[in-house]
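Enquirer: Put the complex together from the two separate chains, hints included.
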Amino acid sequence: MLTLLLLFLEFFKIGLFAIGGGLATLPFLMQLAVTHPDWLTLRDITNMIAVSESTPGPIGINMATFVGNSVGSGMFGTVWGGMLGGLVATLGEVAPSIIIILIVARVLEAFQDNKYVKRAFYGLRATVIALIAYAAYQVYRVALFDGPNVKMLEVVLFAVFMFVMLKFKNVHPIVWIAFAAAFGILFKLPSLP
Amino acid sequence: MNQSKTSLVTLFATFAKIGVMTFGGGYAMLPMLQDEIVNRKHWCSEENLLDYFAVGQCTPGIIAINTATFIGYKTRGNIGGIVATLGMVFPSLVIISVVYHVLEAFQSNIYVQYALSGIQVAVAALISCSVIKLAKKSLVDAPAVLLAVAVLASLVAFGLSPIIFILVGIAFGLTVSGVKERKKHGADTSDQGGSSC
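Protein sequence lines, in the order shown, are assigned to chains A and B.
Numbering-wise, our numbering puts 111 at position 111 of the first sequence, and it's gapless, one number per residue.
Numbering-wise, our numbering puts 163 at position 163 of the second sequence, and it's gapless, one number per residue.
Just chain B, same shape as in the assembly (with noise of 0.2 Å):
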């Protein structure tokens, strides 16, 4: 992308901001990457969100910062991934350490408590909504979309690690798209732009 074009200042504090927008874990991030990251700054395009996202999940350590390093590499290298890192942590710092000492007023808010009731309802449709825009993408065919769907359905269903899925989907990857290529060469998957819900 546009490469030492963006200022670390810049990747600070779009970082910093992320982190104060984010309200749960790794996932509340994601409609915040794409609004900020995507649509506004391009620093990358969505499929390419979407596999920042899935290296994040699969390496140790708290997904929104692996997400973060990432993007940070992508935009201004080693250094980048580590001030776009102290960005997203950044806010994080300060809240808590203010909210660590006034613990009890904080907790017993009643107004506090039904913000974040409206908060979450806000995030889980964002997080769906970032779900169907990335799934148009990036489902693109017919096994893609039915991995998806069982994977999903095994997860509602069982509940188990995501890691067990994701060396499924690795798996899958490997041994389903390999005998795609084998059946017809050549065709590539094309990507357009387009960015709403």
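Bound conformation, chain A alone (with noise of 0.2 Å):
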């Protein structure tokens, strides 16, 4: 019970502290690793990540939940109670999230004519459609240049089609995603680094 209290507490700090999103955690996860080494070794660090980004849902929440697993699965043994560890990791991790943006979205509103919040917002928005624009470029190089054997040309010829399709079609990007696996799976795309 100590220990899932513990388990709460050691998240929430991560929740609090992380700013820029679920990679910014991972300072903290191994830094988790060095002041308890029951719950996750820097081993377990790897497997983490690669599990994280490859499943559905936010990397800082995936690599929370599987934390927690581990932790859970070490006290109970069983599938639930990993399930039960990664709830607690999961909990901690969100709470701080909720209590700031209540927050804040409160304030906000308040101020949402007031002038200054409308010019940071200004130029706010062509700083973070920067960002969103950044990440994008990351995810392509990735696809195009990491790793000795990539497929480039399958690579361009599906992001054009897909291009040319969002221009024309409203497709749930659901389809794309399975479209995509189904893509994947039958050129043989090289696995990620």
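One should not assume that every hint holds.
Unchecked claim - Simulated DEER-style distance windows between Cβ atoms:
{"#": "1", "chain 1": "A", "residue 1": "N170", "chain 2": "B", "residue 2": "E104", "range": "33 to 43 Å"}
{"#": "2", "chain 1": "A", "residue 1": "V34", "chain 2": "B", "residue 2": "K180", "range": "19 to 29 Å"}
{"#": "3", "chain 1": "A", "residue 1": "D44", "chain 2": "B", "residue 2": "S154", "range": "32 to 42 Å"}
{"#": "4", "chain 1": "A", "residue 1": "F111", "chain 2": "B", "residue 2": "I79", "range": "18 to 28 Å"}
{"#": "5", "chain 1": "B", "residue 1": "L160", "chain 2": "A", "residue 2": "L42", "range": "19 to 29 Å"}
{"#": "6", "chain 1": "A", "residue 1": "T78", "chain 2": "B", "residue 2": "A157", "range": "48 to 58 Å"}
{"#": "7", "chain 1": "B", "residue 1": "E104", "chain 2": "A", "residue 2": "D113", "range": "51 to 61 Å"}
{"#": "8", "chain 1": "B", "residue 1": "A13", "chain 2": "A", "residue 2": "N114", "range": "32 to 42 Å"}
{"#": "9", "chain 1": "A", "residue 1": "F111", "chain 2": "B", "residue 2": "K5", "range": "23 to 33 Å"}
As the list claims (entries may be wrong) - Listed below are the simulated BS3-like cross-link pairs for lysine-lysine, each with C-alpha atoms no more than 25 Å apart in a straight line:
{"#": "10", "chain 1": "A", "residue 1": "K167", "chain 2": "B", "residue 2": "K41"}
{"#": "11", "chain 1": "A", "residue 1": "K169", "chain 2": "B", "residue 2": "K41"}
{"#": "12", "chain 1": "B", "residue 1": "K136", "chain 2": "A", "residue 2": "K115"}
{"#": "13", "chain 1": "A", "residue 1": "K115", "chain 2": "B", "residue 2": "K180"}
{"#": "14", "chain 1": "B", "residue 1": "K137", "chain 2": "A", "residue 2": "K169"}
{"#": "15", "chain 1": "B", "residue 1": "K5", "chain 2": "A", "residue 2": "K118"}
Unchecked claim - Simulated coverage check for chain B against chain A, where a stretch passes if three residues somewhere in it have a Cβ under 8 Å from a Cβ of chain A:
{"#": "16", "region": "32-44"}
{"#": "17", "region": "99-111"}
None of these hints come from the bench; they were simulated from the model.
The beta-carbon is built from N, C-alpha and C at its ideal position, and this holds for glycine as well.
Expert: Encoded structure:
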């Protein structure tokens, strides 16, 4: 029980101090491997990143669930025990977000017509668009250039095909995800680094 | 928006759906949010979505969670924020808990690896399509375009922390649009609908 409380608090701390998305929690998790070697080891971290990036859901949440599973499985030795640990770690990680965002949202509502808030958002929007564009650039770079046997032609053709289709037809993103998974299997795209 | 009309079950289910479809970090969630929240459910506009994303970026925590809490709050108040967030993390909890126990089989399966490489291409294309859509709406004038291009170029060249650029963006917004407003009064930016890429 105490371990679960400690798990919650450790992830609460991570949720509170990691600014800038899921991978920003990584340094904290590495610290955790040092302070709680019975929870996870540095070797587990490689597995954790690989699994978190290759399953659906936000990476930060996936990593928290993974560590929680490791702790819970160690304590109870069952799938359900692992899940309980995962739940505790995840709730710990999202709790600060919920508290902070609910406050920030209220404050922003109160000041939404304030001219300084409006001006700040004008600059913020342009910056965030650049940050999102950069995220796309990074994913493209990995898909196109990382590893010795990337299939550049197939990848480019598929991306172009998607772009043309997206321009004319409103297809649900999940259809694209499923289609792309089939494409990956069909053309035997090399595994991710 | 249509407050009180959206049921908490719908809110939970919508974010659980987005959680299942999001491969990668918070940015990969953007195309799904646009499709579900803006185009289908009409819970907010594209500009609002970008603002929520911006706030999610510069507050502590995971961007995807921050954005989910924000949209949930806007739709159904405090309880909405909590429900949307729980919906968002629910698929992760189930999937990771299962995968954790079949780790070896999952990681060494070659077809899983092929499929993930394919999905990555789709994610990149979907995100870039979202960016184009948002840029058309939110880069309202030349200074904004310049700022976005400059930030993107510095990110590609130096890869610094997003926090630095967010601070720069806020400072830029405060000074540049302040100057603009003093030059000419009144001119308001209008927003229109439309949703093709």
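Enquirer: The structure should be examined with respect to each hint, and the outcome stated for every one.
Expert: These are the hints, each one checked on the structure:
1. In this structure the hint that N170(A) and E104(B) lie 33 to 43 Å apart at CB holds, the actual value being about 40 Å.
2. The beta-carbon spacing between V34(A) and K180(B), approximately 50 Å, falls outside the hinted interval of 19 to 29 Å.
3. As the Cβ distance of D44(A) to S154(B) is approximately 35 Å, the hint placing it in 32 to 42 Å holds.
4. Checked against the hint of 18 to 28 Å, the pair F111(A) and I79(B) passes, with Cβ atoms roughly 23 Å apart.
5. Roughly 27 Å separates the CB atoms of L160(B) and L42(A), a value that falls within the hinted 19 to 29 Å.
6. In this structure the supplied range 48 to 58 Å holds for T78(A) paired with A157(B), their Cβ-Cβ distance being about 50 Å.
7. For E104(B) paired with D113(A), a C-beta distance near 57 Å keeps the hint of 51 to 61 Å intact.
8. Checked against the hint of 32 to 42 Å, the C-beta distance between A13(B) and N114(A) comes to roughly 35 Å, which is consistent with it.
9. With their beta carbons about 26 Å apart, F111(A) and K5(B) fall inside the hinted range of 23 to 33 Å.
10. The straight-line distance between the Cα atoms of K167(A) and K41(B) is roughly 21 Å, inside the 25 Å bound, and the hint therefore holds.
11. For the proposed pair K169(A) and K41(B), the alpha carbon gap of about 18 Å is at most 25 Å, so the pair holds.
12. A hinted pair counts as satisfied when its Cα atoms are at most 25 Å apart, and K136(B) with K115(A) qualifies at roughly 23 Å.
13. Straight-line distance between C-alpha atoms of K115(A) and K180(B) comes to about 12 Å, which keeps the hinted pair within the 25 Å bound.
14. The hinted pair formed by K137(B) and K169(A) meets the criterion: a straight-line CA distance of about 20 Å does not exceed 25 Å.
15. Using a Cα cut-off of 25 Å, the hinted pair K5(B) and K118(A) is violated, with the two alpha carbons roughly 29 Å apart.
16. Chain A is given as covering the region 32-44 of chain B, and this holds because 3 residues of the stretch bring a CB closer than 8 Å to a CB of that chain, at least three being needed.
17. Interface restraint, the region 99-111 of chain B with chain A: holds (8 residues with C-beta to C-beta distance below 8 Å; minimum three).
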